[in-house]
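Peer 1: These protein sequence lines are chains D, A, V and E, in that order. Here numbering that gives the first Met the number 0 is used: position 257 in the first sequence is 256, and no number is missing along the way. Here numbering that gives the first Met the number 0 is used: position 165 in the second sequence is 164, and no number is missing along the way. Here numbering that gives the first Met the number 0 is used: position 222 in the third sequence is 221, and no number is missing along the way. Here numbering that gives the first Met the number 0 is used: position 278 in the fourth sequence is 277, and no number is missing along the way.
No lab work stands behind these hints: they were computed from the structure. As the structure is a prediction and not an experimental result, all values here were calculated from the model. All residues carry an ideal CB built from backbone N, CA and C; glycine is no exception. Treat the hints loosely; a few may be bogus.
Said to hold, decoys possible - One side of the interface only, derived from the structure: several residues of chain V facing chain A at Cβ under 7 Å:
#1 S3
#2 G4
#3 L5
#4 K6
#5 M10
#6 L24
#7 G113
#8 L123
#9 T136
#10 T193
#11 D197
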Amino acid sequence: MKKILLLVLSIALVFLVGCNKDSKEETVTLNVFNWGDYIGEETIAKFEEETGIKVNYEMFDSNEAMYTKLKSGAVDYDVLIPSDYMIEKLISEDMLLELDMNNIDNFKYVDDTFKGLAYDPDNKYSVAYMWGTLGILYNTEMVTEPVDSWNILWDEKYADSIIMKDSVRDSFVPALKLMGESINTMDEGKWEEALKMLQAQKAIVQGYAADEVRDKMIGEEAALSIMYSGEALLTMEENENLAYVVPKEGSNMWFDAMCIPKTAKNKAAAEQFINFMTRPDIAFENADYIGYSTPITEAKKMLDPEIQNDPAAYPSADILEQCEVFIDLGQKMTDFTLEKWNELKAY
Amino acid sequence: MLRKWLATPYILWAIIFTIIPLAMILIYGVTIDDGGIRFSLENIMKAFDPIYFKALLRSIYYALISTIICLIIAYPLALILTEKRNAKVTVIFIFVLPMWMNFLLRTYAWLTILETNNGFLNTVLRFLHLPTIQIIGTPNAIILGMVYNFLPFMILPIYNVLSKIDPYVLEAAFDLGASKLTRFVKVILPLSIPGVISGITMVFMPAITTFVIPKLLGSGKINLIGNLIEQQFVQSYNWYFGASLSLVLMVIILISMGILNRVDPSREGGAL
Amino acid sequence: MIKSGLKKLYMGLVFIFLYAPIVTLIVFSFNDSKSRAKWEGFTLKWYANMFHDPVIVKSLYYTLIIALIAAIVATLIGTFAAIGIHYMKKWFRGIVMNITYLPVLNPDIVTGIGLMLLFILINLKLGFESLLLAHITFCIPYVIISVLPKLKQLTPNTFEAALDLGATPFQTIWKVIVPEISPGIVTGFLLSFTLSLDDFVISYFTTGNGVQTLSITIYTMTKRGIKPEINALSTILFAAILVLLILINRRPGKNNVLLD
Amino acid sequence: MKNSLIRLENISKSFDDELILNHISLDVKKNDFVTLLGPSGCGKTTTLRIIGGFETPDDGQVYFNDKVITQKPPYKRNINTVFQKYALFPHYNVFDNIAFGLKIKKMHHSDIKKKVDWALNLVNLKNFENRNIHQMSGGQQQRIAIARAIVNEPEVLLLDEPLGALDLKLRKDMQYELKELQRELGITFIYVTHDQEEALTMSSTVVVMNDGVIQQAGSPEMIYNEPTNAFVADFIGESNIISGVMRKDCFVELFNHGFVCVDKGFGINEAVDVVIRPEDVILLKPEKDKLTGKVTDCIFKGVHYETYVEAGGKEWMIHNTKSHIIGSDVSIDIAPENIHIMKKR
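If we strip away everything but chain D, and leave its shape as in the complex, we get:
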């Protein structure tokens, strides 16, 4: 009897879910694809309330995973929020729609520093969402000397206390920058040279960590790690001994930006969403929740002055000048760098 009941219940459930969807078809729905936990908790509800547009919010864990899903064409996404090099890749593969800036009035609030960047030089396809740098997060108790160079990641004093990133391009940044090279170099020889440096470094590296690096730094399991500024800001909140620096050799400056893929069914609504997210009050709320750096000047001004003046969050212009944005290296070069990465991990 119970089983029959359960069966009936489940069939009813399927219908319910099915019907639900049908009734929603009438209103405009927007498929937004973003990183997990990377938007203010009430932001979407606010947008839905203001515009009457229903948002289907989906999350990915990496640019690459996002790309795989998008490329498959299995879902018609309307708004994506990937990172810089991924946007360039999407542009070069003709997968993005040009934005109509007339519909994104609030674009004017984006700081000029963050316009016309290498991945989208004419601001035709994307509007910056968050930004930051790649640097060294270190424990001031464990590292007493001043930290200002990538060099310290090769210092044997800190053997087993250095954490690199489990990501090809990020982990190659220190080596390439120490060589005085561009992080976007297409010269295979340079990559080989950088690989040699990383192979030499591997003996003193504790690990190539992904997200768990934050907890490792908070728990003082390591003295030094390379990290994005946004994550570093969150991490420093949990342990006051931690400090963040962008080394003098220069580094990577990264962006997550909103764009509209060609598969979009609702370009107008998508632009409305981008416009909404760029509005200073929303951008402020968003940045306040996420804790990353916002490219919207007006929004920044609303933040706690302590954060506004934190060089980790908003570094000075001369530091930024040293920094480069990742550019997509193309399939062949990407495969090559991955091969180098696998070589590094092979032993």
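Since the structure of chain D is provided, determine the placement of chains A, V and E on it from the hints.
Peer 2: For chains A, V and E alone, kept in the frame of chain D given last:
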């Protein structure tokens, strides 16, 4: 008769949702895309390139060690369980309940316990003035993670088979003059082989392909084949090569299954 | 005496090993710090905040619905399949069982991408339906391997006996076979539900249209780390199933039905 | 044709290329107690399963009241079965097991109660209806299985070695009870066993099977006294099977000694098998013209002595009431009507 048709919905389901997707992956495995898509074994050959093949061998090696450890831990436990009256409840507590915590969260929790400096275990050891251990980031941590995750899959089948051994058979063994040890070696062990085989299958195979465990517990210093397959599919969008790697892996799995099937041709141990 | 003590000790050690991370997680769900690396005092705030994040609430909803439906459907198809397989000719049974083991042994990512390719091929937009189909697919084998051993334990001729007494094949299955193998069915259902709950990789590649499970939500929290609210939610879920299991097994007058 | 309730016509069946039944034909009359007897693997259970509808023959037809039922599923046949290991449903209690078939027929529950009571009474298990199956002994389970079948009032009851798992005493009791039951119910029983004694005791017709072929069918007396071939003779009861030569009608030569018999119609000097039951051999003091041998063993068996005599190069088994000294010489005599001549196989 009807019962012969009962499996038909499943067989159809399996053809559509298991065979066809797998066939599509296999097609990717034996083709390449250089302008046009064509048949080629190039990627299969590439899978034997030292970088990848070493990772494969290493995966097999770690999976093998984990399987052996699981077997060593699980067998006595299963024996003890057969003597318990409320064994079934215990089995649920071993098998189902832990999985109700998200796998990623559980693996993270191991970090909290095992971290070298301020991990829970080492804090206790230090408090007791005992030498601390360093395990995170080593192959041992990967093996620990595998054993932790797959141990229940070894305990259950062995327990299931052991609990079904006819008690008279055991008495008969004593009756015929077998000592406890002889009885174990000559009667219990051979009778439990199907469960052991099933356990080995359920531990060894998933252990080969895991990629989260080496990433987190191994601190990402070592690539296992699971990492490489994931990398090819997701990071470099090279489905052709990713499929080739999985194809090679699958052949190895099928060969090991074939060998296991020889030991237990009836697959009686198909019991979870 | 010493021997039984040793056995208890051994069991205890294995249990400590299996439950250490879970206890850790539960303890840290009361941690005042956001990090799982440092204990900063007791708090209940994560429990209070648990349902504030709409994304978490929604993914909890989808997780439970998907797991429930997937487990029910997989249990139905899988149970019938197991009965069918049990009465199959030996060689055919061998083939079907090998197919059954395929999803169990394949790397998740291969299964996930394979299914995604299939859904594209048959032009099914990713979303609730595709996610459900995928979950059912990877759950069925576990139902089959839970139910088959129970069928092997049936007294011979059970099926014939019921037919003989006038039951149609359908009545036979429903009134005789199913009740007798019910422990295996319950196990299969429980396993399906659990695996559905825990899956990330296959889910990620087969979902869309805003349908996200808790696993996806957890795995994609890469930018800011896993929210401590997740620990609180997991603790609650864990406690809920624990209580449920205890209740089921304490039911008076019934032998425990689970995992026979 | 008339009077036959079940008729098998030219039935053949093979499993995995192994021929189990080889063109079998059989008539079962109404109210008959038919026993299918044979060694394991002879096809008797398969025959029963074909009658029950659990197997479909590859060839041939099954008739029930002169209607073809070959393809009819078991649940549409008014035939019930008592299975070898009873196949009781462990998740039901005694009452629900017996009531199973009635509930399927959607009978009113007060009627069900009445009928179950009746059936339980019939198998001497009154007041057991609320017991669990696993609380019952083997003999009781047996009775429940029988009650579960007969409560449906079948025209034919099939029994597949139902007493195989019971001890000797219980088996004897049940044999008697089953026979009583059959008489009382007035329905047809088809009974499968490999125990020849059981077959002879209970049946009105015995069907001896071997290698998928019916060797002989007939009354127990006929089967016992007039076996058609050496297999039947050997399988039914104990017998001395001796090679002989027919010298003329009613005269057979065994070990160079002539014996008068009653069989005719064999060719002159045809080699034949001769069956002589142990109790039909008469032992005499040694006489010159008779077949003579030496007593090799003599065992007391309760009602008789089992005496072994070495005569003519063969060991004879003899049942009689006198004991003989081992080593003594004896002559063998056999009454003509007790010499059964069969064609050599």
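Peer 1: If a hint holds in the structure, say so; if it does not, say that too.
Peer 2: Here's how the hints hold up against the structure:
| no. | hint | in the structure |
| --- | --- | --- |
| 1 | S3 | 9 Å, violated |
| 2 | G4 | 12 Å, violated |
| 3 | L5 | 9 Å, violated |
| 4 | K6 | 5 Å, holds |
| 5 | M10 | 6 Å, holds |
| 6 | L24 | 5 Å, holds |
| 7 | G113 | 3 Å, holds |
| 8 | L123 | 11 Å, violated |
| 9 | T136 | 4 Å, holds |
| 10 | T193 | 5 Å, holds |
| 11 | D197 | 5 Å, holds |
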